[in-house]
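Residues per chain are reported as follows:
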Amino acid sequence: MNLSRRWLEAFLRRPLDARDVADRMAMLGATVDSIEPIHADLGAIRIGLVEDVRPHPNADRLRIATVNDGTETRRNVVCGAPNVEPGRRYPFAPIGATLPGGLTIEKRKLRGEVSEGMLCSARELGMGQDHTGLWELETDAAPGTPLLEALPLDDDRLVVDVTPNRPDLLGHKGAARELAASYGATYRLPPIPGAESLDVLPAQRAAHEASTGGVRISIEDPDGCPRFHAAVIRGVRIGPSPEWLRRRLEAAGVRSISNVVDATNYVMLELNQPMHAYDLATLRGPALVARRARPGERLVTLDGVERAIDAETTVIADAERAVGIAGVMGGAETEVGDATTDIVLECAWFAPSRIRRARRAAGLSTEASYRFERGVDLWNGAEALRRCIELVLATAGGMLADAPVDCWPQQSHPPRSFLRLDRLTQVLGVELPLHTVEQHLVAIGATVVSKPEDRRIAVDVPGWRPDLRAEIDLIEEVARIHGYDEFPTALGRFRVGNLPDAPAFVAAAGVRRGLAGQGLLEAVTLPMVPEGGEGAVRLQNPLSTDYGWLRQSLLPGLVRQVELNWSNHVRDVRLFEIGTVFTRPSGRSAAELPLERICAAGVISGAREPAHWSGTGREDVDRWDLKGLFEAAVALAFPSASVQVEDASWVARTDDGRLVGRASRLDADAPPWAGAVYGFEVELDPSARPAPRVRALPVTPASERDLALLVPDHVSAAQVEARIRDAAGPLLERVEVLDEYRGGSLGAGLRSVAFRLTFRAPDRTLSAEEVDKAEARVLGALETNLEIRRRS
Amino acid sequence: MTDATGYPVLDELLTRLHRIDTLDAPGLEAEHIAVLGRKSGALTGAMKTLATLPPDERRAFGAAVNRVKARFEAAIADRRAALERSAKAQERTAADLTMPARRRWTGGEHPVTRVIDEICGIFRELGFAVAIGPEVETEWYNFLALNFPPDHPAMDQHDTLYVDAPPVEGERGGRQLLRTHTSPVQMRTLLTSPPPVRVVIPGMVYRNDPYDPSHAPAFAQIEGLAVDEGITFVDLKATLAHWARRFFAADTRVRFRPSYFPFTEPSAEMDVSCRLCGGGGCPACKGTGWMEVLGCGMVHPAVITNAGLDAERYTGFAFGMGPARMAMLRYGVTDIRQLYEGDMRFLEQVT
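Quick note, the sequences are listed as chains A and B, same order.
Position 485, counted from 1, in the first sequence is what numbering that gives the first Met the number 0 calls 484; the numbers after and before it change by one each time, with no gaps.
Position 4, counted from 1, in the second sequence is what numbering that gives the first Met the number 0 calls 3; the numbers after and before it change by one each time, with no gaps.
Wrong hints could be hidden among the right ones.
Restraint-style ranges between C-beta atoms, simulated for each label pair [unchecked claim]:
| no. | chain 1 | residue 1 | chain 2 | residue 2 | range |
| --- | --- | --- | --- | --- | --- |
| 1 | B | 95 | A | 32 | 57 to 63 Å |
| 2 | B | 336 | A | 107 | 48 to 54 Å |
| 3 | B | 166 | A | 307 | 24 to 30 Å |
| 4 | A | 610 | B | 95 | 15 to 21 Å |
| 5 | A | 711 | B | 32 | 49 to 55 Å |
| 6 | A | 736 | B | 72 | 43 to 49 Å |
Example chain B residues on the side facing chain A (calculated, C-beta under 10 Å, incomplete) [what the hints assert, rightly or not]:
| no. | residue |
| --- | --- |
| 7 | 127 |
| 8 | 216 |
| 9 | 235 |
| 10 | 265 |
| 11 | 342 |
Worth flagging that the hints you see were computed from the coordinates, not collected in a lab.
Glycine residues also receive a C-beta, built at the ideal position from the N, C-alpha and C atoms.
Build the full structure now, drawing on both the sequences and the hints.
This is the structure in structure tokens:
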């Protein structure tokens with residue numbers, strides 16, 4: 000919503016500072032997004048009094064004006080406008096002044112005659128479209144007076160962010176009401192010049208149908224249109240609106256069209272009541288009927304678009320056809336035009352949810368639909384219509400043909416609510432005196448009847464505040480007008496919550512620390528991905544196909560980030576992410592929420608460590624780095640799972656065989672210089688991690704034996720190790736792989752793997768014989784079970 | 000090397016030790032062997048002659064040899080230490096210590112994570128715990144239970160992404176959607192846990208917003224909820240003002256402006272004095288001196304009722320804020336998309 004500072008000044012009858020207004024509005028709940036000065040760029044323009052006009056010696060269509068610009072010197076101005084006359088005042092741009100269009104005035108010769116400045120048209124000053132001649136100023140201000148001082152041209156447009164609950168702030172009157180409360184001042188509708196002596200007949204109330212000035216007004220769809228005011232004015236002369244009205248509209252960001260159309264827009268911007276004017280000559284019947292659209296009904300709206308209207312939509316129709324989508328936009332055929340002489344003014348109230356539906360169905364959001372959707376004052380139509388009639392009569396002439404009509408099948412009163420003072424204190428934490436509470440409620444336009452004996456107030460809520468229904472709404476209003484900053488901010492006593500931190504959050508934090516400790520940087524990827532496989536969750540209305548599905552794995556997103564780094568010529572990448580993945584397991588109904596799991600994933604590519612001039616750090620990560628990371632990640636995220644080899648890569652499975660993680664080399668769109676990408680992903684087990692128990696440190700010496708074993712390819716190191724552990728007995732403390740060797744004299748299908756076995760007894764120093772025996776058992780078992788011998 | 004009596008001459012030994020000027024050369028070790036070597040060391044030899052001496056001379060001779068031996072051992076240790084010192088000193092001057100160090104890759108947490116942890120940490124001091132919940136929700140949890148009037152313009156502020164699936168049946172069902180705020184977790188918490196409830200709820204939320212420098216279709220949010228008997232608007236203000244002073248700076252000023260959220264009433268926006276200009280007004284705060292950091296309010300009685308609690312007995316407050324925006328403010332990030340691109344050059348600066 001755009002507010003004009005000057006329009007508000009007219010309501011409050013006092014000068015306002017735009018910045019101050021913005022601050023007050025903000026503290027009342029309506030943020031001002033920006034303040035746009037209007038016509039502040041006319042600062043250099045002054046009043047010029049033309050004292051003499053003579054012909055240009057060398058040009059028939061030019062004349063030379065002698066301009067008094069308030070200085071001693073008279074300026075010669077060469078001028079082509081037809082309406083330059085001695086004794087009149089015009090806007091004068093002296094040499095050096097810059098016009099709103101960016102043109103800077105210089106001293107120059109026109110057909111041999113020097114011109115020292117410029118007399119301006121309204122359009123040249125950014126004031127409307129009139130370019131038929133110079134702007135004849137209606138002012139007595141002395142020559143040389145700045146134009147902005149002589150005329151109330153400058154204004155400030157305050158762009159207000161109005162929350163959906165405050166339709167009243169979509170009109171200047173509502174904003175003025177708030178400001179009046181803030182300033183402790185009064186406000187009233189500004190008078191309309193030329194309408195002072197008009198005496199508009201009061202409206203005639205009717206139920207479903209009535210007639211005014213020969214036009215039948217009828218409500219056939221009372222759900223969609225519960226109330227319909229109308230008036231007929233005959234003999235109007237369509238033309239431009241007066242200066243003051245155009246300026247107000249312009250400041251509010253609405254283009255001036257013609258006096259009648261401007262009058263309807265003015266009322267909307269002032270009272271938040273959208274209006275519409277029809278050319279009576281084009282209405283068949285003549286009638287205006289609020290009804291549901293007929294099947295297949297079509298209408299060309301004011302924007303020139305032909306639209307099909309669905310049957311749920313309320314339309315305004317004449318005796319034969321729809322002439323407007325109710326509350327959204329009027330029809331082109333019945334539009335008021337230059338030749339219009341008789342008009343019908345519509346001032347109706349439409350049901351918000353129906354308007355919302357209709358404007359969505361039509362794909363057409365307008366100033367009117369925006370307001371009806373948020374709620375217009377059901378009880379203020381008569382005032383709005385009277386205001387509009389006065390404006391039309393004052394600016395376009397004509398006669399009110401008849402008393403206006405007010406069709407209202409289901410009459411009602413604004414609702415009454417009750418406010419208990421104890422409840423107010425319970426919510427706000429501060430006890431406010433009864434009279435203060437009453438004062439705040441009166442400030443927003445409510446009527447209050449106090450019942451001190453039962454400590455409550457009956458509140459008749461004003462019609463322009465459809466958001467005020469329940470007691471809590473009134474409590475908010477009291478707090479708001481009282482000023483939120485008036486409430487203390489001292490921390491009081493409280494009971495701590497009775498819940499622990501969510502286990503999954505705690506577990507995730509631990510995994511995050513652990514993976515960061517492994518040297519990985521945490522990344523965040525968008526959970527939406529371009530494609531989804533079996534069981535993936537699809538979005539109905541994605542932003543674009545790039546974001547059409549919910550991810551089932553974090554890895555594709557991380558791989559894309561690796562590629563993004565490559566595109567920035569960054570080769571060494573190490574990222575991890577902890578996030579949610581989504582899937583619909585087979586067997587789960589689509590009418591249930593999908594399964595969500597928190598996963599941790601990581602990707603590595605490029606150098607294992609930063610390159611150093613001494614020669615270290617030139618090696619790329621390989622699958623063993625991946626395995627190490629994966630084992631660490633599984634230990635962090637799902638400690639009860641174990642890492643296993645499957646299909647030439649690693650997986651993590653729980654004891655009962657459920658797959659909870661995997662690690663492998665990943666495909667990526669890699670430039671030739673990039674390294675391989677390795678990635679892992681593991682599900683997060685939210686159950687609490689028991690603290691590790693410390694074993695007593697050994698006090699006895701260990702004995703080591705190194706065994707180089709000839710291992711056939713079909714036997715894994717893990718199998719060998721398991722056999723060693725079985726056979727060695729309780730004295731074996733540790734088994735390590737020292738190296739692996741292939742080729743040479745070993746022959747195909749065979750490798751030499753060296754194991755180091757560490758033996759220790761907790762209570763004594765082992766004798767060589769004991770260790771020899773254990774070693775012999777190991778070698779015997781390996782030979783018997785796996786046909787593995789020692790390399791000789 | 001021996002004097003007339005056949006003893007090694009100590010002074011000469013010491014002189015020779017001093018001529019040895021480097022640790023690497025065999026000199027010091029050779030000297031050690033020459034004097035004290037087990038087979039042919041001069042002093043060892045001298046000691047061997049002890050047995051050949053008359054008994055009355057043995058004591059004095061033995062004592063003398065031992066003295067020389069001790070002196071020599073001390074001298075050789077001194078010399079070794081001195082040479083080591085000078086070697087080190089030489090090393091110090093020889094190497095160009097301005098050459099770059101050998102570094103390791105370091106890891107770290109995402110800036111938004113760090114902000115979330117810090118925010119949650121402050122609220123933990125105030126008796127809150129962390130709660131989380133599902134990101135795909137039903138219409139009931141995301142909107143209806145939170146007092147969003149069905150088909151109301153308030154919904155327009157939550158441009159919602161819907162899941163392509165049939166609605167969930169039942170009272171708490173409705174269309175499946177990506178939560179537009181973490182408030183559904185408020186409802187889930189209230190439904191399962193009796194007051195006093197004090198939780199902060201971090202998590203991803205989703206809006207059908209175009210992906211541009213200031214919007215992302217998915218972003219982190221933190222909400223908070225406190226419900227108990229006797230919680231008032233003053234508690235709301237006090238708690239959040241305390242948080243702001245801890246999170247930003249002790250001298251941070253706050254102000255509360257009325258606002259509108261369907262699930263709270265009274266509703267407010269909390270501003271803090273601008274972090275850049277301190278309140279004087281600058282482009283970052285649009286000249287107002289204030290920066291909007293969170294929305295908050297007293298939990299709407301309808302929400303309390305929807306959670307199955309007695310709204311006449313229990314009151315509460317709730318708030319919500321965007322840690323991504325705070326991370327941007329804190330680290331000077333101007334394009335929100337940088338937070339989601341995994342650019343190593345970016346992450347290495349901010350983690």
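These are the hints, each one checked on the structure:
Here the CB-CB span from residue 95 of chain B to residue 32 of chain A is close to 59 Å, well matched to the stated 57 to 63 Å. Hint check: residue 336 of chain B to residue 107 of chain A, Cβ distance near 52 Å, so the stated range 48 to 54 Å holds. Distance hint check for residue 166 of chain B and residue 307 of chain A: the Cβ-Cβ separation is about 28 Å, which falls inside the suggested range of 24 to 30 Å. Our hint of 15 to 21 Å for residue 610 of chain A and residue 95 of chain B holds, since their Cβ atoms are close to 18 Å apart.
Distance hint check: the CB atoms of residue 711 of chain A and residue 32 of chain B are about 54 Å apart, consistent with the given range 49 to 55 Å. A beta carbon spacing of about 47 Å between residue 736 of chain A and residue 72 of chain B agrees with the range 43 to 49 Å that was offered as a hint. With its C-beta approaching chain A no nearer than about 6 Å, residue 127 of chain B sits inside the 10 Å limit, and its interface hint holds. Contact between residue 216 of chain B and chain A, as hinted, is supported at the beta carbon level, the nearest pair being about 5 Å apart and thus within 10 Å.
Among the interface hints, the one on residue 235 of chain B holds; its C-beta lies about 9 Å from the nearest C-beta in chain A, closer than the 10 Å criterion. For residue 265 of chain B, the shortest C-beta to C-beta distance to chain A is roughly 4 Å, which falls under 10 Å, so the interface hint holds. This hint holds: residue 342 of chain B has a C-beta 6 Å from the nearest C-beta of chain A, less than the 10 Å allowed.
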